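Visitor: Okay, here's what each chain looks like letter by letter:
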Amino acid sequence: MPNRREKLIFEYSRAGRGAQGQWPAKTAVPQDIPATLRRARRPLLPEVSELEAVRHFTRLSQLNFSIDTHFYPLGSCTMKYNPKACNQYAMLPEFLGRHPLGPESHGQGFLACMYELQEMLKAVTGMRGVSLTPMAGAHGEFAGVAMIRAYHRARGDLVRNEIIVPEAAHGTNPATATMCGCVVREIPVMADGDVDFEALKAAVGPQTAGIMLTNPSTLGVFERRIKEVAGVVHAAGGLLYYDGANLNAILGKVRPGDMGFDVIHMNLHKTFSTPHGGGGPGSGAVGVSERLLPFMPIPVVGRDGEHYRWLAERDLPQSIGRLSAFMGNAGVLLRAYVYMRMLGREGMGRVGDFATLNANYLLAKLTGAGFDAAYPTRRASHEFIITAKRQAREHNVTAMDIAKRLLDFGFHAPTTYFPLLVPECLLIEPTETESKEALDAFVDAMVKIKHEAQGDTQVLKGAPHTLPVRRLDDVRAARQPDLAWRPAPVAG
Amino acid sequence: MPFIPHTDEDIREMLAAIGAPSIEALFDEIPQELRIKSLSGVPEGLSELEIGRLMSERARLDGRPLTFIGAGAYEHHIPSAVWAITSRGEIYSAYTPYQAEASQGTLQAIYEYQTMIASLTGMQVANATLYDGGSALAEAALMAVRAHRKSSSMRVLVPTTVHPHYRKVALAMAGNQNLAFEPVPYVRGTGRVDLTSLAAHAGEDITAVVIQQPNFFGVLEDVDALTDWAHAQGALVIAVVNPTSLALLKPPGEWGAKGADIVVGEGQPLGVPLSSGGPYFGFMTTRMEHVRQMPGRIVGRTLDLDGREGFTLTMQAREQHIRRGKATSNICTNQGLLMTAATIYMSIMGPEGLERVAAQSAQRTRELVAALTRIKGVRQAFETPYFHETVLLLERPAAPVLRELADRGVLGGFDLAEDYPELGSALLVCATETKTAADIDKYTATLTEALRAARAA
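As given, the protein sequences belong to chains A and B, one line each in that order.
Position 444 (the first sequence) corresponds to 444 in my numbering; numbering is contiguous.
All you need for my numbering is the position in the second sequence, starting with 1, plus 492.
Just chain B, with the same shape it has in the complex (with noise of 0.2 Å):
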């Protein structure tokens, strides 16, 4: 039986210990009208051996593509110790530290987390994470309406240059609490917030702004301006940035005369595989003012009986556990294993190592835009100072382009027709450190192939 120790004998021993005559008979409590068959829809079960040959049969079908699509998930390198270490069965099959002396090193842990991320982003105080970025811009929305006690607008704008999911997700998950989202559009030469439209809303009552940087473009915004100005409604901000972009960008803790008042993103740049959008992680950030709002578990420095130093979860009067119906969210596990991999990465990288990472794509994005639009129709869409990732304008629809490109083993970037449809044929493309000049150059005669093959057809 896999993974079932049992033998027969054990299970005779068991049965008279509990005084019953069968296994079945330890379910006799459950109606039995209710009790199932068979499980049709199930197959056989599989050795490690089969089970090991077809994953890696289906793991072939996908292949490993060249890939420049980022639009908020990243392709870094992830140097070997980060999962080496994550993956050992202390950390990977511990659960969550409730018990906190047999649980230190995954407080620890969590703690200089904290520091990291913290720092990173500019901010006081970290919590241990949320499940992705897109699901951290809703957490972030809510507690927002919990810290901002003076606003009952329950208003939050939200320029369309964020990314286009996180929209999506932050009005499913918190819509339902009757949060309004109202968008601000983007200027089209420049790809950033219309900060005409925004002055708009001045002195109308406004829970909070959300600012992206770089934006889902990959432009810059002017993040000073924009937090000046949301401020001066009496709005508070909710920054969405790319960790990695910190190591050279302003954190939001730094942005205007104030700084944000939570940030929000992606933890999955930093050490996460693509994995085919999960398991990543979200992280947040605020100042110690709200730290009570803040959902989701915080690890805390204390000391034992004995008066040395110790980790434990603490703040717990927010959770779900004790308050119930009135605590701050409903989230109980988290992502740990992911935050883990991101802290060993970030030890590893050190402020140097991250800062080459993302000076790296930057330059390797612009490597990468400066060959493409050399060929015949295709241009920059935005001339804006940007991280690692632009939109490029094609004079052909990119749909029939990027299956083209897929044919030949380069994923060309992600397709914005749907998304943005007033840029026309627009493509979003993205090259990190991982990318190299061969990598380029290929993507650059599969797409002069692509679009001569298009204008030929």
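So here's chain A without its partners, still in its complex pose (with noise of 0.2 Å):
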């Protein structure tokens, strides 16, 4: 990575240049738009050449981490290899000039594709029915808590609006469960990793609308007990959603469905490894057991015979109602297709073999270097957690001077400080698609970082030292917000 920064765009524009070329003819502007409801003052875009923006845009992108340059085990994000076909077969013109509003006889490819997708998810997963429309895992959180507070409305029963929580899960479970009008309640998880069975008891009740679990957890464990947890709930009435965050560990193993789950998302940009863009798009579809059929967000892609066709209103008149303007991210389902067809049956569950093979590996590596698990008597899942505990307390190394020291190594950090009950975590997911020897490498810098810490740590409080910024300050960022450019006032 190059240790040099780049300047703002703004800073290349010079008046009166551009990218003629891209520019359609100078039309005048038509005549009935009144002044009153013109622009007066251009808005601040760059003027600058094609070249100029390329080679910006260009240098930017040299600044980043991603797989395709790095080794990114940043855990319960799934960042394996996104394949290049998936892209290339989305983006065929017929497919990106699609408009959404097109009628299905010009879209029965990829209607298809829809259809097929939906099948396959189902298959894998052993639920019922798919909704392809969420954008996002949050996004799929909320169809799901949404469908699961709209099932209990349309029985009558409008008391249920508790949602029950681990206190290790995503803050967006919380947070999703808030947005659904919901009330969050928090439960403990044992020093095994796995939920506390008796608080379980203790907080389910006539109140209790459902409850959201990722399984295996986020702190990279299988939750053994899952059957009986599934029964305490549905005996209190609730129903169970499960957080496809960590879809990956299981893939082709266990099904959510055969769980007991009523309602799962999946992180289609994990699991089935569409790109994850710089922070998006995602894709959050559902599945559903029988019971929330009615529910799913629409639209949704039917075949009657040969013919695929969009159900919507008419077709589930229960529905939660729509979740976008249109279908979802199309462009990242059509993704998400491409790659389970090529993986297929017997794909899916190497997924789930190797992903658990290499997570095992390097645990046992690490633990074996001296690093300590945060769960040493469980099987690692896909991921798994080591604390820095001890580092901490003996040298005042953090988990957050081994993130950053890592960069230096050539490594992404794994996720730090997530799950917040593990001190000084690092939850680290290496995913199925890195070979041994990028293992062993990155075995290698932990070791050489747990030497550093028992040194001068000062090389450690500083990292990293070889990309283009040091650490920044958060604080002042926070405090004094700088959130868009401005331009120099002219002088004079």
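Any given hint could turn out to be false.
[What the hints assert, rightly or not] Using 20 Å as the maximum straight-line C-alpha spacing, the simulated SDA-like pairs for lysine to any residue come out as follows:
hint, chain 1, residue 1, chain 2, residue 2
1, A, Lys-7, B, Asp-796
2, A, Lys-461, B, Ala-517
3, A, Lys-461, B, Pro-497
4, B, Lys-818, A, Ala-168
5, A, Lys-84, B, Glu-542
6, A, Lys-365, B, Ala-509
7, A, Lys-253, B, Ala-517
8, A, Lys-253, B, Pro-523
9, A, Lys-84, B, Ala-576
10, A, Lys-253, B, Asp-520
11, A, Lys-227, B, Glu-521
12, B, Lys-529, A, Gly-260
13, A, Lys-26, B, Ile-570
14, A, Lys-436, B, Pro-497
15, B, Lys-529, A, Gly-252
16, A, Lys-436, A, Thr-367
17, B, Lys-750, A, Leu-37
18, B, Lys-529, A, Glu-119
19, A, Lys-389, A, Ala-191
20, A, Lys-7, B, Phe-495
21, A, Lys-253, B, His-569
22, B, Lys-750, A, Ala-35
23, A, Lys-253, B, Phe-495
24, A, Lys-26, B, Lys-529
25, A, Lys-84, B, Asp-796
26, B, Lys-529, A, Lys-7
[Stated by the list, open to error] To list a few chain A residues with every Cβ distance to chain B over 12 Å, as calculated:
hint, residue
27, Arg-155
28, Glu-198
29, Ala-199
30, Lys-201
31, Pro-206
32, Gly-279
33, Gly-305
34, Thr-387
35, Ala-392
36, Arg-393
37, Asn-396
38, Glu-452
39, Pro-489
Bear in mind the hints are in silico, worked out from the structure with no lab data behind them.
Just so it is clear, the structure is predicted and the values come from calculations on it, not from any experiment.
We treat Cβ as the ideally placed atom computed from N, Cα and C, and that holds for glycine.
Quick one: dock chain against chain with the hints and give me the complex.
Guide: Below is the structure:
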């Protein structure tokens, strides 16, 4: 990575310059648009040549770590290889040019892909119906909890508004419950990583709308008593929500539907390898059990004989409604479709196999090298937690220091300080697409850092040293917000 | 094994290091009765050659018809450089820039985007995108409730000239928190918000008023009067705008005496392909005083340990990973890649290029309207200023006419029958700079024939 920064695009701007080859011919603004509705001053957009723009954004791209350039063991994010074919075939001109409100007659190819994607997702999750419209994991969570709420209300049960969430849950879980107008009730997790079963039994009641669970949990271990958990929640009249953040661990091995879940979301940008794009787009398709079928968000793709069509309000009058202006992140869905078809039946099972093998290997090597597992008695799922509690106590070296130093060695940092209940936490997810050599190199870097922690820790405290910037002043960023560039005032 | 690099020897060595007899043994904590035996619902895997052939066949089924549909998604020319750069692995396969030092490219692009979209909308600050225009309206309504501490009604007035799908999304996403979305009708002759109906709400506790410009019919609303009215009632103004139009039209920050309070919209026209409805991105801008109520990620410029400038995610105390159940929204992943494409698009087009796109789209639509309304049985619904989209009334039912057009490779517009039955047979049509005189001639000839055939039938 170049140890340099790049000017702002605005600093390249010169009045009168531009990428004229991209502009349509100059046209007068139609007379009927009155001056009172017109813009007086031009917006602050740069005036640069096409080459200047290309060079600037290419240079910016070089300041990023990415899967294509670096091992990226960011726990709970499943940063696996995004096959190039998925991008290529989702971007065929016919697919890119298709208008979302175009007729079904000019969408049978696209709709066939979406229908088959729904069917494949049903098969790998064991659910009865799938809607593809939610546009990210949190959006899928919203759809799921909204369906749970709609289900209780349709039965005339207006009292159930409490969503149970284990304390280790991702922050989106409680935030989603709030967005759905529900109250959050947190329950503790036991020392071995499983949900505190007694606390769960005490928490459920006539006010329980449902429980949100990730399995394997955010602690990187499989919830062993899942059938009993399902039994307790169902017996109390609540429903079970599966957060699909960690579906990669169990793909082709176990299905949420068989565990007793009523609704799930799948992060297609994790398990089904669509690119993360620097923070999105994602896709949070939802799957439901029989009793939630009528409430799925619309539109859904249906099939009449050989003809594919949209199912909307008329077909699903009890639907929780539309969550996007059109049908969600269609292009992401096409990428997931290509990925699933390339992997096929056998390939699905290999994902879970090798994601788990890589995680357990890395865990064994790191603990062998003297790092502490947060749950040493448990198998890793597709990810695991190292706690730097001891390094913090003995050498004042934190998880943050380790994470930042890893960047110097050419590794993206693991997820740090999540889950919140493990001190000095490094959540590590290697994914199935990394080779043994990549994992060994990561272990070597961690061992070097461990030695550095026993010596002069300044090299760790000051890390990273080799990137375009060193540690940034977050307090200043929040207290003196500089959120948009402004041109310097003209002198005189 | 596609995408899995392990050799047999690797597997043996790794299992030995773990101390497990087989990969299967690594799943020993999962109850046996839950294990699945096969996945019969998933077909056998395909090679890249085979999936390429299949996808090309599927794409051919969809074809490449001549499209005059807008209704919230607009076909514009996209410079080749936009997606050539956006598709680079360093952008495409990176994730949320949590490790700022290793993500300066993404962070700086967001900062540049925030600057551009804030300026385009005439506001001070922007977030780093929401999912799409529809969900952005839902988030804006929820934000208005948080930002407007003096209003306790949670009532939001939404004219029926706002995109019907946006209204549905807002209800689905914000209705659970007891927000009440109340419709305001439009005037049949003008296609604009009915100020008389609005006036009936004078003196009430209203949290916010939504104003879409241009509205769903393409018509230009009297945004100054609407904004001033809303502010006089003590309500916040949520503007929903088309970013292309803002190269020509007054930005929401300058509407009325005080300007809109929250601005949202669909970012798709800025370099994002139609792609069946997504991925697009929703933009949101506001004034500095409301920034801490804004949902989603925000990037700020700050200094590093050596005093050099750099970029980082900031004001994270608003967000779900810190605030959990009390966050401003549950949003986590946004639409970063599309935002990057839009930033490159806006850089390449610049102020002049974007203005030309807007002016030429407006002009092409007028040429289309002139040509189509010369056909017997076709007239324009509203004689009100419009941008690049307008409503045409047909003497015959629209649905069969549209089918006939589609059979001849022309997608003639969006049928308003379902959302606005009171208009009778009505089509929302749009042309942009991508349409030539020959395209307009083709549509005109095809519609002439289709209507003649309908009359003869």
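Visitor: Against this structure, judge whether each hint is valid.
Guide: Going down the list of hints, with the structure as the test:
no. : hint                     : result
1   : Lys-7(A) to Asp-796(B)   : holds, 16 Å
2   : Lys-461(A) to Ala-517(B) : violated, 40 Å
3   : Lys-461(A) to Pro-497(B) : violated, 35 Å
4   : Lys-818(B) to Ala-168(A) : holds, 16 Å
5   : Lys-84(A) to Glu-542(B)  : holds, 15 Å
6   : Lys-365(A) to Ala-509(B) : holds, 7 Å
7   : Lys-253(A) to Ala-517(B) : holds, 12 Å
8   : Lys-253(A) to Pro-523(B) : holds, 11 Å
9   : Lys-84(A) to Ala-576(B)  : holds, 14 Å
10  : Lys-253(A) to Asp-520(B) : holds, 11 Å
11  : Lys-227(A) to Glu-521(B) : holds, 13 Å
12  : Lys-529(B) to Gly-260(A) : holds, 17 Å
13  : Lys-26(A) to Ile-570(B)  : holds, 17 Å
14  : Lys-436(A) to Pro-497(B) : holds, 8 Å
15  : Lys-529(B) to Gly-252(A) : holds, 9 Å
16  : Lys-436(A) to Thr-367(A) : holds, 17 Å
17  : Lys-750(B) to Leu-37(A)  : holds, 15 Å
18  : Lys-529(B) to Glu-119(A) : holds, 18 Å
19  : Lys-389(A) to Ala-191(A) : holds, 16 Å
20  : Lys-7(A) to Phe-495(B)   : violated, 37 Å
21  : Lys-253(A) to His-569(B) : violated, 46 Å
22  : Lys-750(B) to Ala-35(A)  : holds, 19 Å
23  : Lys-253(A) to Phe-495(B) : holds, 19 Å
24  : Lys-26(A) to Lys-529(B)  : violated, 65 Å
25  : Lys-84(A) to Asp-796(B)  : violated, 36 Å
26  : Lys-529(B) to Lys-7(A)   : violated, 56 Å
27  : Arg-155                  : holds, 17 Å
28  : Glu-198                  : holds, 20 Å
29  : Ala-199                  : holds, 18 Å
30  : Lys-201                  : holds, 20 Å
31  : Pro-206                  : holds, 20 Å
32  : Gly-279                  : violated, 3 Å
33  : Gly-305                  : holds, 16 Å
34  : Thr-387                  : holds, 19 Å
35  : Ala-392                  : holds, 19 Å
36  : Arg-393                  : holds, 25 Å
37  : Asn-396                  : holds, 17 Å
38  : Glu-452                  : holds, 18 Å
39  : Pro-489                  : holds, 16 Å
Checked against the numbered hints listed earlier, the structure breaks hints 2, 3, 20, 21, 24, 25, 26, 32; every other hint is satisfied.
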